[in-house]
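Quick note, the sequences are listed as chains F and X, same order.
Quick note on our numbering: the first sequence kicks off at 1 and runs consecutively.
Quick note on our numbering: the second sequence kicks off at 1 and runs consecutively.
None of these hints come from the bench; they were simulated from the model.
Each hint should be verified, as a subset may be incorrect.
As the list claims (entries may be wrong) - Facing chain X, according to a computed beta carbon distance under 10 Å, are these residues of chain F, among others:
| no. | residue |
| --- | --- |
| 1 | 2 |
| 2 | 4 |
| 3 | 6 |
| 4 | 8 |
| 5 | 41 |
| 6 | 44 |
| 7 | 46 |
| 8 | 49 |
| 9 | 90 |
| 10 | 92 |
| 11 | 98 |
| 12 | 99 |
| 13 | 100 |
| 14 | 101 |
| 15 | 104 |
Stated by the list, open to error - Computed list of lysine-lysine pairs in DSS-like fashion (alpha-carbon distance at most 30 Å, straight line):
| no. | chain 1 | residue 1 | chain 2 | residue 2 |
| --- | --- | --- | --- | --- |
| 16 | F | 70 | F | 56 |
| 17 | X | 57 | X | 70 |
| 18 | F | 42 | X | 11 |
| 19 | F | 56 | F | 42 |
| 20 | F | 67 | F | 56 |
| 21 | X | 70 | X | 11 |
| 22 | F | 2 | X | 57 |
| 23 | F | 98 | F | 67 |
| 24 | F | 42 | X | 70 |
| 25 | X | 11 | X | 57 |
| 26 | F | 42 | F | 2 |
| 27 | F | 2 | F | 56 |
| 28 | F | 56 | F | 98 |
| 29 | F | 42 | X | 57 |
| 30 | F | 98 | F | 42 |
| 31 | F | 2 | F | 67 |
| 32 | X | 11 | F | 98 |
| 33 | F | 98 | F | 70 |
| 34 | X | 57 | F | 98 |
| 35 | X | 57 | F | 67 |
| 36 | F | 98 | F | 2 |
| 37 | F | 98 | X | 70 |
| 38 | X | 57 | F | 70 |
| 39 | F | 70 | F | 2 |
Beta carbons are placed, not taken as given, at the ideal position from N, Cα and C, and that holds for glycine.
Listed below are the residues making up each chain.
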Amino acid sequence: QKEVEQDPGPLSVPEGAIVSLNCTYSNSAFQYFMWYRQYSRKGPELLMYTYSSGNKEDGRFTAQVDKSSKYISLFIRDSQPSDSATYLCASEMDSSYKLIFGSGTRLLVRP
Amino acid sequence: DAGITQSPRYKITETGRQVTLMCHQTWSHSYMFWYRQDLGHGLRLIYYSAAADITDKGEVPDGYVVSRSKTENFPLTLESATRSQTSVYFCASEITGQRREQYFGPGTRLTVT
Numbered sequence: 001q002k003e004v005e006q007d008p009g010p011l012s013v014p015e016g017a018i019v020s021l022n023c024t025y026s027n028s029a030f031q032y033f034m035w036y037r038q039y040s041r042k043g044p045e046l047l048m049y050t051y052s053s054g055n056k057e058d059g060r061f062t063a064q065v066d067k068s069s070k071y072i073s074l075f076i077r078d079s080q081p082s083d084s085a086t087y088l089c090a091s092e093m094d095s096s097y098k099l100i101f102g103s104g105t106r107l108l109v110r111p
Numbered sequence: 001d002a003g004i005t006q007s008p009r010y011k012i013t014e015t016g017r018q019v020t021l022m023c024h025q026t027w028s029h030s031y032m033f034w035y036r037q038d039l040g041h042g043l044r045l046i047y048y049s050a051a052a053d054i055t056d057k058g059e060v061p062d063g064y065v066v067s068r069s070k071t072e073n074f075p076l077t078l079e080s081a082t083r084s085q086t087s088v089y090f091c092a093s094e095i096t097g098q099r100r101e102q103y104f105g106p107g108t109r110l111t112v113t
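Just chain F, with the same shape it has in the complex (with noise of 0.2 Å):
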């Protein structure tokens, strides 16, 4: 079982949609909790970060943290054709610097 997992999708969406993308981890010792954005052909990205539980907005974007379920959540409102790209999840533990990255989901907005 990897320790971090995501849907791989595609999930597509028409262009004003709430997205919703999510994974779930395995280790309860994870405590940084991350979305990076991937354009085709490009480097991810860091999006939002979190740490430990809660929630985080950043314009569109809310990141949100359950540590009791373990599941990482992202929404995007108000979703928009530049939105589309590979979202991955991340997560590490106090004092690593050793990211574990799910296997990213593929989003795509129809404009």
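Following the hints, put chain X in place on chain F, whose structure we already have.
Relative to the frame of chain F, chain X by itself:
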């Protein structure tokens, strides 16, 4: 230009050959990482380095060698390339501190024939 660069961007090599992928960052970040990305596996850590002359294995280190004699450079060598090492390789760097953000290079697409 400031940032993290990788070379070459594309490489085709034959089984058994030695290949070195280069990574250079201009920020003086302490940590540097090498990942490989394969369909269905996401990004997997090969090796990482906490500082010059300090390196450690990641999840999939077999068949790879790294060195870090200077803070800004972190080359990855495939000593005897195999077809299973066909992949996209990403280098990343991270500054130490509270915030966890790794900055990724553009990637090297390696094909082993």
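Supplied contact hint for residue 8 of chain F, tested at 10 Å Cβ to chain X:
holds, 7 Å
Residue 99 of chain F as an interface hint toward chain X, with CB separation required under 10 Å:
Given a least distance of 7 Å, the restraint on residue 99 of chain F holds.
Hinted pair, alpha-carbon criterion (30 Å max): residue 42 of chain F, residue 57 of chain X. Please report holds or violated.
holds, 25 Å
Quickly compare the C-alpha distance for residue 42 of chain F and residue 70 of chain X to 30 Å and report which way the hint goes.
holds, 26 Å
With chain X as the partner, please determine if residue 100 of chain F meets the hint condition of a C-beta pair closer than 10 Å.
holds, 8 Å
Under the criterion that the straight-line Cα-Cα distance not exceed 30 Å, is the pair residue 57 of chain X, residue 70 of chain X satisfied?
At roughly 18 Å apart (the allowed maximum being 30 Å), residue 70 of chain X and residue 57 of chain X satisfy the hint.
Please work out if residue 67 of chain F and residue 56 of chain F have their alpha carbons no farther apart than 30 Å.
Satisfied, since the Cα-Cα distance of roughly 14 Å is no more than 30 Å.
Within 30 Å, alpha carbon to alpha carbon, are residue 11 of chain X and residue 98 of chain F?
Since the Cα atoms of residue 11 of chain X and residue 98 of chain F sit roughly 27 Å apart, the hinted pair holds (cutoff 30 Å).
Pairwise hint evaluation, residue 98 of chain F against residue 56 of chain F, where the allowed Cα distance is 30 Å at most:
Given pair residue 56 of chain F, residue 98 of chain F holds - Cα atoms ~22 Å apart, limit 30 Å.
Restraint check for residue 2 of chain F with residue 57 of chain X, where alpha carbons must lie at most 30 Å apart:
Status holds; Cα separation ~18 Å.
Should the interface hint for residue 46 of chain F be scored as holding, given a Cβ-Cβ cut-off of 10 Å against chain X?
holds, 5 Å
Does residue 70 of chain F pair with residue 2 of chain F here, judged by a C-alpha cut-off of 30 Å?
holds, 13 Å
Checked against the numbered hints listed earlier, the structure breaks none of them; every hint is satisfied.
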